[in-house]
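Please build the complete structure, drawing on both the sequences and the hints.
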Amino acid sequence: MKFVGNTLSIVKKDILLEFRAKEALSIMVFLSLLLIVVFNLAVDIDKDNVSSLAPGILWVVFAFSGVLGMGKTSLSEREDGAYLNVFFSAVSMEVFYIAKVISNLIFLLFMELFTIVSFVVLFNYDALIKGLPALTLPLLLGSIGFSAVGTLFSFLSTGSRFGEIILPFLFLPVVVPVLIAGVSATDLILNNTTGGALLKWLKMLAVFDLLYLTVSLMLFKHIVEE
Amino acid sequence: MKFVGNTLSIVKKDILLEFRAKEALSIMVFLSLLLIVVFNLAVDIDKDNVSSLAPGILWVVFAFSGVLGMGKTSLSEREDGAYLNVFFSAVSMEVFYIAKVISNLIFLLFMELFTIVSFVVLFNYDALIKGLPALTLPLLLGSIGFSAVGTLFSFLSTGSRFGEIILPFLFLPVVVPVLIAGVSATDLILNNTTGGALLKWLKMLAVFDLLYLTVSLMLFKHIVEE
Amino acid sequence: MKSFRLTKMLLLTLTVLFPLCFYLIFQVAPTERIMGDVQRIFYLHIALAISAYLGFGVLFVSSIIYLIKKNPYWDCLASSAGEVGLLFATLVLITGSFWARPVWNVWWTWDPRLVSMLILWFIYVGYFMVRKAVSEKSRRARYSAIVGIIGFLDVPVVRLATKWWRSIHPRLDRQEGGLDPLMVKVMLVTLFTFIVFASIVIFIRFRISWAEERVNTIFNEMEVSHG
Amino acid sequence: MLTLIDISKNYGLRPVLRGINLKIDKAEIVVLFGHNGAGKTTLLKISAGITPPTRGRVVVEDQVIKQGGIYYLGHKNSLYSELTVMENIRFFLSMRNGTAMVNSIEETLEEFGLWQRRNDPVKALSQGMKRRLALMKGIISGASLLMLDEPFSGLDLGWKDRVLNKLMALREKGTSLFIATHLINEGCQIADRVALLERGNLTLFHDKTEVNESLIQERLRNEVCR
Amino acid sequence: MLTLIDISKNYGLRPVLRGINLKIDKAEIVVLFGHNGAGKTTLLKISAGITPPTRGRVVVEDQVIKQGGIYYLGHKNSLYSELTVMENIRFFLSMRNGTAMVNSIEETLEEFGLWQRRNDPVKALSQGMKRRLALMKGIISGASLLMLDEPFSGLDLGWKDRVLNKLMALREKGTSLFIATHLINEGCQIADRVALLERGNLTLFHDKTEVNESLIQERLRNEVCR
Ligand code: HEM
Ligand SMILES: Nc1ncnc2c1ncn2[C@@H]1O[C@H](COP(=O)(O)OP(=O)(O)OP(=O)(O)O)[C@@H](O)[C@H]1O
Ligand SMILES: Nc1ncnc2c1ncn2[C@@H]1O[C@H](COP(=O)(O)OP(=O)(O)OP(=O)(O)O)[C@@H](O)[C@H]1O
Ligand SMILES: [Mg+2]
Ligand SMILES: [Mg+2]
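Chains as they are written, first to last, in this note's numbering: chain A, 1 to 226; chain B, 1001 to 1226; chain C, 2001 to 2227; chain D, 3001 to 3226; chain E, 4001 to 4226.
It is worth saying that the hints were derived from the structure and are not from the lab.
Warning: the hint list may mix true and false statements.
[To be verified] Computed, partial: chain C to chain B, Cβ under 10 angstroms:
1. S2097
2. V2106
3. W2108
4. T2109
5. V2115
We treat Cβ as the ideally placed atom computed from N, Cα and C, and that holds for glycine.
Have a look at this one:
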């Protein structure tokens, strides 16, 4: 199982880079905090509407902070052509893609946890903490979808003349299904727990994850193979 | 008045770059549209609440799209060290700063006009069109503030290791006063026109503009001078 | 040349089909009871939507073939189909808006079908942004093919949007008592006309850009041989 | 090792390469000369598979591709600037699954004058040191085919000589090299064959016995000086 | 023109320059040699005012600063990659208020072999062409002090000679040059004085009459080859 070792090497390197340069993760975390504050300026969030607004705001924050953070992790590969280390090696581009998806997933999950905790503290909204165990699955599934698409497109955008800035346009429209399913699932969990409908959204998340992962896996090598 | 000519040269070059590379402006415009859509996914906007939400949403969209677009215009100066053309020239850094503020202001105003038109169409909110003449002044003042701070910080961020991504963190907290004054003024214009209070917010915008412009003008050369 | 004759023939049929369509829509089709004459937009509206799907579908397929074969022919076809698809998608949004104005009293509303269509539109605007953002030919072809393939996954979402989410946008399979049989016939004719029309536009657009591509190649060959 | 069959490349309407044929054998050093803009970089990138040719085919022996047997060094160094020298090397080797002579890293670092800098981030190295590190990666990579684009650029005289010796030692072990450079003396010194790229064609083509004749070098010099 | 007084520079704990004193007169060419990592780039950046020294002072004659009299060329080329050759030059000159010999642009472009490429975006030029363009900017800038960091890197033999002649012609017109390079022959050929940077000090320091003695060149070569 050489490819497991290779995947781990790449993930380890990404985490090392993160510790050294504090890029993707810290950007995601701070941006999510900032977004929540700005959201609050735009829409007055109070005790009465917090439970109806929470799912939407949280997922939009996840998507936005996530996509900007992921842009950063692929930039460090493009700069100075560092990804050529993998390109000219025994490691296949599929393994590289999977490894980058995992690194990005780890960063995303960290950011989401942080966002949820800050949300609870800022809006004094304890129901979110209580719902956390039930939220784990939709969060995980949603983040896998985000990471699958984000990893692919972040490499695409850093390879183009626009740089990272084109990334949100490509990313956000494509992940709208994940976003909506995530919001709906979270809404159900936080506001009323009718199992059947929840399952539908979870299934939808799983289907999109699978779809995005397999398609991206097949497409990724075409991006990197200049 | 040689410095007027120099300013114009720089602004002209920025607009040329924009035509050639379609970077800042198209990014701002599309991002603002996308943000409105995503906002709507998170918070259901309807006939009843649109007039109370509009000011907040518009200004948040201006700030966000604006800051990302401005990041782009300074990136083209940093890349390959192109700003050194001005650094080692007869043109002072103050003139350079003023010129970049003007270029950014032009892009911002375009984007804001576009955002307002799309908002009117998407939310069927005609009051915004009627209020447009009255909105011109707060928009102009607010955009000057955004541009003054954004230009300064975008140079700072592209000069740092984090690149453009750190920019929103620096920018958004600092322009909060502008954001609040802008939202309040817009709210007054759209929802009830009591002149006195409006004047207060306009004054506040003008004061902050002046403050940001003078301070940034003094600080700018320290950023560029590594 | 054979394909050229085919185009000619199809163009000729169109000169018959289009007037026929408009005659059917405005003269033959019954006036809808509640909405009145404005309902006649329906025939264009749905035909445009299906044609847009057709454009995106051709883009999708030729993008896949491009990534396998790496022949610029397919990239040319993909971008031509994409242009046509985007054009028709824009028209769907416009006709929908014009219909919504009298019926729902708004230009736009946040209905799943409408939003998903707008999102689809964004995706293909993104497709052309990528094409603009990359100047090197083969890289542009590869990158945009990737966006075209991933983006197409959204078409089923638009189709199913009214099923998945609560929607005020009409659905034919929900119409109580079904559609008036005459309406169905008119719709089918319009649909057929527009599919032919869209195919021809894609084809002509493709021929132009492919000719451009080939002229460039010939230029190169000349430069190669004459130094 | 590597066979180029009738390679042509156009950028837009400008033909850069016109039907290049070239074969590089095992344990052979081929050095490519040419004016600025002759197309050396383009040819190297095509050989490495980073850029697709407009026409023609690149054939690399099967076993070379499979085990990451190519090392390509372009104008960029492919280093992670935030990671240290050691971390860069470790990651690089982990991507090559121990094809490399891992145990000799320390010794090689010493030989390349980077042992004392092994824990410094790459961004703190000077221009020449970075180039040295990139070259060192190629040498410990265990690749059977190295493609180097102006490998000596930025190196001082002493290091240039040492690198030349390293490359010749590599050839003795059976490695093939494809090098583009402007340095005629140095190039001819290590070349088994030299090629001159001129108006898109390989003119002048000399093997071992001829390369060392000063007449050939003189002619090369004249060609490149025109 | 330029006086460096007791310049020292540390990066963290590592001293790079230790009390450098140097004076460059009008119409004088000073060439700086040194190992990789000796601190040439650092010294040039300090002289140009891009990097602040840890200790010491840089004095530039007043009239030089005022009229944009310095041109600095680092490892990067300071070009806008999206703008064409002509647009880059025009913008550059507009920043210098016609200090430059604007009318001779076309002729100079021809001399630098860029006339046919004048409408190509800079990103489409080869490595060597970009360097040539950057050098050409320096030559038409009308600056009275040019600081060039490895100006010949990437140039082929022919262009190197032509650029050398241009630089000497510039000196005849009263321009001073401060050049860092690894090329001992070329450096000594144009230098009025050469300096060797070694362990943070300027050792070896020779003026015109001595530079041309082959003994000195031999010694320089030995020093740099160690
Ligand atoms: C901007 C507004 C609108 C947009 C973007 C829009 C979009 C679409 C799209 C994409 C389709 C094709 C659906 C498919 O079969 O996959 C469609 C079909 C249709 N639209 Fe609209 N529409 C809009 C407004 C309206 C309005 C106002 C009405 C009438 C009240 C309407 C009535 C219909 C009908 C009857 C169909 C055929 C339904 C079906 O295939 O089941 N649309 N529309
Ligand atoms: N991306 C591109 N778009 C258009 N033209 C290009 C591009 N890249 C290179 N060229 C052109 O191709 C030709 C060859 O460029 P290349 O970089 O291969 O030359 P080179 O031999 O490496 O030159 P140098 O010695 O200056 O590095 C040049 O005329 C250059 O302008
Ligand atoms: N940003 C930095 N942080 C820490 N150390 C640095 C930094 N920049 C340069 N150095 C160190 O300063 C020393 C001098 O570097 P400098 O780039 O000036 O050398 P140089 O003479 O230009 O070398 P080269 O010929 O390789 O370009 C080197 O040891 C380098 O590692
Ligand atoms: Mg080159
Ligand atoms: Mg240096």
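In rising order, the numbers of the hints this structure does not comply with: Checked against the structure, no hint fails, so every one of them is satisfied.
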